[in-house]
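Asks: Chains as they are written, first to last, in our numbering: chain A, 1 to 440; chain B, 1 to 604; chain C, 1 to 288.
Read the hints as simulated data drawn from the structure, not as lab findings. Treat the numbers as computed from the prediction; the structure is a model and nothing was measured. Incorrect hints may have been included.
[Said to hold, decoys possible] To be clear about the criterion: a stretch of chain C counts as covered by chain B if any three or more of its residues have a C-beta under 8 Å from a C-beta of chain B, and this derived list gives those stretches: (1) 88–100; (2) 140–150; (3) 175–188.
[As the list claims (entries may be wrong)] Far from chain C, by Cβ distances over 12 Å, these chain A residues were calculated: (4) 231; (5) 253; (6) 423.
Where is the CB? At the ideal position from N, CA and C, for every residue including glycine.
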Amino acid sequence: MSKFTAALAATALAIALTACGSTKSGTSASNPGGSSPASGSALTVADVAPFSGPDAALGPTYLASCYGATSAINAAGGVLGHKLACKSVDTRGDPADAVPAVNQMFATTPSLALVIGCTSDEAASVVPIINAHKMTSFCMTGESEFDHVHYPYFYRLVPPDLEESYAMVVIAKELHYKRIALAFGNDIGSQTFVQPAIAALKKAGITLTTSQTLDLKATTFRTEAEAIIGSKPDAIMTEALGSADPTLFSEIKQLSGKVIPIIGTSAAISPAFFKSAAAAVGAGAFASTFHADNLVTETSGPAYQAFSRALLSQQGKVPGVTGNFTTYLSAPGGVHLYDGINLAALAMLMAKSTSPATYGPDILKIGDGVPGAQVCYSFTQCASELKAGKSIRYEGPGGPTIFDSYHDSTGIFQIDTYSSSGQVNVTGNISPAQLRVLAG
Amino acid sequence: MNSYYLINLLIYAAVDAMACLGLSQQFGIAGVTNFGFIIFQAAGGYAAAVLAMPSDSANGHFQSYIGGWHLPFPLPWLGAAVVGGALALPFTFLVGRRLRGDFAAVGLLVTAVLVNLLVTNYVPLLNGDAGISLIPEPLQGVLNAATSGYQWAFTAVAVILCAGVYLLVRRLTESPYGRTLRAMRDNDTVADSLGKDLRSLRTGVLVTGGAIAGLSGGILVSYITTWSPAAWGYAETVVLFAAVIIGGAGNHRGAVLGAVLVPVGFEEVTRFIPSSNNLPPNLIPSLEWVAIGLLIVIFLWFRPQGILPERKRAIALPAVAADVQSGADDPQELTQPTLARRSGAGSAGPDASPVVLRADGLTREFGGVRAVSDVSLTVRRGTLTGLIGPNGAGKSTLLAMLAGTLPPTSGTISCLGQDVTALPAFRRARVGLVRTFQLASEFKRLTVLENLLSAVPGNRGDSLAGAIRGRRYWGSDELAAIATAEALLRRFGLLEVAGQYAGDLSGGQRRLVEIMRALMTEPTVLLLDEPMAGVHPNLARRIGRELVALCRDGMTVLMVEHELAIMDEFCDPVIVMAEGTVLAEGTMAELRARTEVVEAYLVG
Amino acid sequence: MSLFLASLGFGLVTASVLAIAAVGFTLQFGVTDVLNLAYGAVMIAGAFIAYVINNAGLSVWVGLPVAVAVCSGGSVALNSLVYTPFQRRGASPITMVIVSLGVTLIIEFGVQAVAGGTSVSYHLAQGPTLQAGGLILTAVQLGVIALSLVVMAGVHGLLRYTKLGKAMRATAANRMLARTCGIRTGRVITLTWALTGALCGLAGVVFGIDSGSFDATSTDVFLVLILAAVFLGGPGQAYGAMLGAAVIGIATEVSAAFIPADYKYVIAFVILLVMLGIRPAGLLGARA
């Protein structure tokens, strides 16, 4: 046997002995949050999301939100004597790359206290790891596998994609559309809408005129646009991220001379989307024919004001994030992760511990609220209520949370439209009952 | 201290090393550039997932995929290797034919992109872009996968499997089969003419590499518990190729080194670059790709052999007396039993036909131009027949058709009474009809001894199955071949350079190597294409004498040559060609007497 | 039926862009014997150069000649600094392919490093939409088709009637022989790369005009279409590339009328693989 082979075999043997040496039950991943960090040291909130690749816009959005939340928390005195700091972990939008990214994060971040982000691109591969490390995570994935799987340290404040499909159909019903065309992108986030949407349309008695899949790598969709026009729909239900949707809208307008009404998803509620869609077909024309479902987010009131103050104060202070921060005020990731950080921080205060195993149950208590709890709208407010010995219920810009047994809070849907200046208006609500009617 | 990151790196290193070993076998050893390599890893990953997953109703309908048989470990990994290997079979249409290397490479690259596109868009097959998740880890029902003990055990298994692959690949390469693969890599046309079935060899290499890639995919999938098209795109293929090129194609340690340096080292190093700066977030990954591109080009220019180049194989020659003879004219030395002619050639009974090679009405057209026009000839046993004619007469074309490297437009060829017109070159070589080439055609990166050994027919180790069985199986055949080669080398006086790369020799020496190599195939009919070109007259004469001696023992030679002195001295009969047809045939004296021959070609 | 006719019209536009690109690619191969896989990357670099100028306030049509000039010079540099030295060393065709892949990475991700990962689009009014006989095209799209026809005519004129064109054809057929005939093959090759580089830049800008939006990786798939067109017609055959572009351009768009649109490029992939497997010399190439 050559020396090289001998070396390889020796390595394998050594590894195997190490494996046998550690007992099966006891030695699980060391828990950075468990050992109480030295007082005065900073706690880290990690933003695990794509910062490069096709979904590169997501990571920075969540990072801005992190800075917003943690700056407000630090201004109010931090958590148990610790300040919070944000860290970005780039998953590159690929599950195989996300795994070492997360493992490296755990190896190099002893002060880690919370993970936020984890989109559909990588959640499937990283949530088990984060959970195995007994670390709390607030994730932005609508993937249905998380509807029913028990990950005790996993929390989700966004609805399953399934429900968003139903919400879109509810909107179609409300607007009395009889014929709907579907146009969804072929990536993870959008592919999962199609089958539930088709099933829900059938249940609602609405005719499906055509279902086009948009290849996000393509740069034109003329034939798809023509097929949609030819099928004569009343409206189009669509989600195709990036520039695909605006391209499709502009080609539909070119070919048919008019703008077909659009029903979009919560991903369409972002100023970047409005800007490119308005450029494609005209602001007025777009605004007057567009509806989207969105999770209820406040656009006024004390929660929103605290959120807005906190986030906007960070403009220019977040490394690598140079966009206009007002755009993040209505981005789903912006709102819900801000709430997630606040919930976790308050839970730590309540449990007087930074160990996820200890403060976990308190997240649920603060989110759902116990009877007689005082509603509060920002970390500062809630922290002082806690100090005064009251039991609290946190209600942030994302609205009230109702966690189910899988730590998913689906929230309530609302119907959003744009004004021709790009302002988001809420024109109605969708109740869970309306969604249940369409469920399979 | 948290060791999960280390475990992650070790597992990725093992998986990548395995993949690189498979790729190096294909690319570095066999010269098959498989730009679709990643598909095999992907297929293995999906196979392992599909075999290990429970049926989708148990997973809540959120994924749609075929299969779902919930098989226990290690069946999913076995399945992954089998699927990876089986997937190679449809690819052989792109490498089996005589397709230009770069065209085939492009075809494979495009196939990889196409498959990724199809899997992404056809959701019911493998759940489209979302892929398959919640893949059960090995022995998940019995052991707790979250413990560090389990993780270390997994790592150990991965490393052991990687070591196993390393040993397998090394066993394949250090065998006569491996030598044949390297010969095919160095010059596939010549390997073909020496009796190697290129298509079958390439298929074998694709299947082995595919199985290895599939296994690596299965291991990876069981570790990250999810698999989707994003994880196996065109980018991953480029990274693996860069790893093999940088580490050293054709050197198995180089493949492992490349895997550690590029997909693991390079990609992980960039994670440590602090993100607390105002650089746009996309910059580092983009520059990473630019760096990989630069590394590829720089290495190919300055150090194409990679960091660990392919080693020169030193084969021990049987111990011999110290006196090395050079040019001792003893024709008897050559007639040893190990150079016995094939049956039907040497021991010619009274009814053995005197005609060993016959062509009837051979024609070859190139776009309207007739290079060879209706040529018929017979070559008699034991003759050293010459073929002469001016440039453009069609001699080389005729030779190529006789040997099978060029198909005739019309006409038939028979060898030893058997119609070989439809036989491809490698089969003709196996029947005993062997050619040499006009231009330098030694296997440059094989030693002189290896060049000779590569031509030996019937070595049991010269097949995939034989190679797997190991040295114990083919050792004796190899020793016999070495003895034969050693005798030939001594005969032609090249014993001292037996251990040098054939490409490093002088022109005349290389020519001798080619002739010796052709002789190693034990040919019945040897077709020589200008063997004396550029060779010193003394050496040319020596070659002539050897050929005469071989013909006396029953071999037949048809030799294309320009050197009329050689024809005078050694060849009888001589065929004259001009403008694609046969002008005349006879001894040189007879030919000199015929005016049309003189006008066409001869001077004086 | 109307969908079929409409997609036929779209196919003509795609074919026009493809024709400009494929002719350049195939001539590069014909004269240098290198499959320049970095062609797509140079195209997108051209598209971005025009974008930068367009974004600064000038019209795309002003940016176009700049992009063409830069891509032309860049291609000449690419050949003389990278491909020729490798070829002089006797690099095998496979090595050349890998080298061109390395160059692709350098250029494509170099562009991405500078321009960022998000998609961009030109500020260009598409002009009125014209409908005739079932085809629906904007004024700009018609302009693209017209431009392509002009370029094809120009290439045809060059190859058939000019001394340079004849020298190019001779060099492509047999470089050794051309040199012995007195053709200065080195100069011919340089001029060919300058010319085809210009075509590449032009194709890139037109690609950008034709796309709703594009980013640094947008030409990855387009390169496969170029390869399909080139191999369908026959590598090295300029007229083959034109024919191939017409077929591939129309086939991909028309197929989207009948099969799910996300598979429309599959037909180009399949044609390419079939040609490689059955007749690598292409429809117009000489049978080996």
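Asks: Now tell me, hint by hint, if it's right for this structure.
Replies: Right, here's what the structure says about each hint:
1. 88–100: holds (count 9)
2. 140–150: Per the Cβ count (0), the hint is violated.
3. 175–188: violated (count 0)
4. 231: Given a closest Cβ separation of 9 Å, the condition is violated.
5. 253: 9 Å, violated
6. 423: 24 Å, holds
Hint compliance for this structure: hints 2, 3, 4, 5 are not met, and every other hint is.
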